[in-house]
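Going down the list, the protein sequences come from chains A and B.
Here the first sequence is numbered in the working numbering, starting from 1 and rising by one per residue.
Here the second sequence is numbered in the working numbering, starting from 1 and rising by one per residue.
Some hints here could point you the wrong way.
Keeping only pairs whose Cα atoms sit at most 27 Å apart, straight-line, the calculated DSSO-like set for lysine-lysine is [stated by the list, open to error]:
| no. | chain 1 | residue 1 | chain 2 | residue 2 |
| --- | --- | --- | --- | --- |
| 1 | B | 79 | B | 100 |
| 2 | B | 189 | B | 121 |
| 3 | A | 76 | A | 104 |
| 4 | A | 74 | A | 104 |
| 5 | B | 145 | A | 133 |
| 6 | A | 130 | A | 74 |
| 7 | B | 163 | A | 130 |
| 8 | B | 167 | B | 117 |
| 9 | B | 79 | B | 48 |
| 10 | B | 145 | B | 121 |
| 11 | A | 130 | B | 79 |
| 12 | B | 100 | B | 121 |
| 13 | B | 178 | B | 167 |
| 14 | A | 104 | A | 24 |
| 15 | B | 178 | A | 133 |
| 16 | A | 130 | B | 48 |
| 17 | A | 104 | B | 48 |
| 18 | B | 167 | A | 133 |
| 19 | B | 145 | B | 117 |
| 20 | B | 189 | B | 163 |
| 21 | A | 74 | A | 24 |
| 22 | A | 129 | B | 121 |
| 23 | B | 100 | A | 133 |
| 24 | B | 121 | B | 163 |
| 25 | B | 79 | A | 133 |
| 26 | A | 24 | B | 100 |
| 27 | B | 121 | B | 48 |
| 28 | A | 133 | B | 163 |
Which residues of chain A face chain B? A few of them, derived with a C-beta cut under 8 Å, are [to be verified]:
| no. | residue |
| --- | --- |
| 29 | 27 |
| 30 | 30 |
| 31 | 31 |
| 32 | 34 |
| 33 | 35 |
| 34 | 38 |
| 35 | 41 |
| 36 | 118 |
| 37 | 121 |
| 38 | 132 |
| 39 | 134 |
| 40 | 135 |
To be clear, the hints were calculated from the coordinates, so they are not data collected in a lab.
As the structure is a prediction and not an experimental result, all values here were calculated from the model.
We put the CB at the ideal spot given by N, CA and C, even for glycine.
One letter stands for each residue in the lines below.
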Amino acid sequence: MLAEKKSLLEMATGDKKGQETLMKTLEQVAAITETVDGTIRRIDGMVSKADEAVLGDKGSIAIVNNILLDLEAKFKRLDTLIDNAVTISADLQGTTQDISLVRKEAEETISSMEQLIQDVRNSLPFEQKKEIKLP
Amino acid sequence: MAACSSQPSPAWQNVAYTQLANYTESYLAGDERLAGIHFDKALEHISKTGDPALVGRAWLTRCALETAALIETPCDQAKEYGGDPANDSYRAMLEGATVKSDLLPAQYRDLMAALAKRSTKEVNIVLADIDEPVSRLIGVGVALKRGTFDTATLELAADCASKNGWKTPLAAYLLRLKTAYGAAGQSDKAAAVEARFEILAGDKK
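Between the sequences and the hints, there should be enough to build the whole structure, so can you do that?
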């Protein structure tokens, strides 16, 4: 999907550097989506074996739920940003300025999402040690 | 030093850990583009520590996965960050050298003993006993490098890769199996392997 967008971008804008940075940002979005997927799967697994302490009003699940709601909102924002990126690329009037603005917003959103994912992790009682070990 | 480690784990470590895990999954599942992004990201965060042993570990992870996928790999980048005894032993193991197993991760110790005896039967038993599927396939790659394996080793590896949807190593094992069954004149088995391989190839479209 992203590859198709690149050719569109190439057609629409003459600015190679702008395209490349935007592509990089979009790739980051793909990577981060996968990370979120993994986190949500882990939470699913946790819920299935959670006890009262975890499920209580002030338990981890309540916290995680709030964070997930926040994440959801951020995802919608990213969606819009990507749509904008495609619109700009299709619009021959689109300038480098627009692209760098979208990029900045996307990066900022990604960074806040990373922070949120971190918060989810820190709220999980069963989180294993994240040592960098040899496989 | 102890007072300096934050609780829970520091941010770089969390990110690097997840990115390396995502790299592993993407690489084995055959998505090299995504694997590349995850690996670069992991390296970026690990580099924040300035610790050559940790950077070496990231490169060794890459080298180990390539070994599992039966790709000839020189482990050059890992060599650049040599000097850590555990890392160096691990690299030697991946290269197919005889290594003292006490510095290796625990899951490979029995394998090293079985390989030292050159007993294919024992190697297969020990490999089936490695719980972590990634480690099991790395072990298979090492056994192949040492030349102590048979079709049962390859079947065990293919089964493990197939269950996890790890296309990259699976394709490598199936190719080896096809050749092995073909050479042994077991044409029905070779045909069955070919059928599995065709399904994998179709997935590329």
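Taking the hints in turn, this is what the structure says about them:
no.	hint	result
1	B:79 - B:100	holds, 19 Å
2	B:189 - B:121	holds, 21 Å
3	A:76 - A:104	holds, 16 Å
4	A:74 - A:104	holds, 15 Å
5	B:145 - A:133	holds, 23 Å
6	A:130 - A:74	holds, 26 Å
7	B:163 - A:130	holds, 25 Å
8	B:167 - B:117	violated, 32 Å
9	B:79 - B:48	holds, 20 Å
10	B:145 - B:121	holds, 16 Å
11	A:130 - B:79	holds, 24 Å
12	B:100 - B:121	holds, 21 Å
13	B:178 - B:167	holds, 16 Å
14	A:104 - A:24	holds, 12 Å
15	B:178 - A:133	violated, 34 Å
16	A:130 - B:48	holds, 16 Å
17	A:104 - B:48	holds, 23 Å
18	B:167 - A:133	holds, 24 Å
19	B:145 - B:117	holds, 15 Å
20	B:189 - B:163	holds, 20 Å
21	A:74 - A:24	holds, 19 Å
22	A:129 - B:121	violated, 35 Å
23	B:100 - A:133	holds, 19 Å
24	B:121 - B:163	holds, 23 Å
25	B:79 - A:133	holds, 17 Å
26	A:24 - B:100	violated, 44 Å
27	B:121 - B:48	violated, 45 Å
28	A:133 - B:163	holds, 24 Å
29	27	holds, 6 Å
30	30	holds, 7 Å
31	31	holds, 5 Å
32	34	holds, 6 Å
33	35	holds, 6 Å
34	38	holds, 7 Å
35	41	violated, 12 Å
36	118	holds, 6 Å
37	121	holds, 6 Å
38	132	holds, 6 Å
39	134	holds, 5 Å
40	135	holds, 5 Å
Against the hints set out earlier in the document, violations occur for numbers 8, 15, 22, 26, 27, 35.
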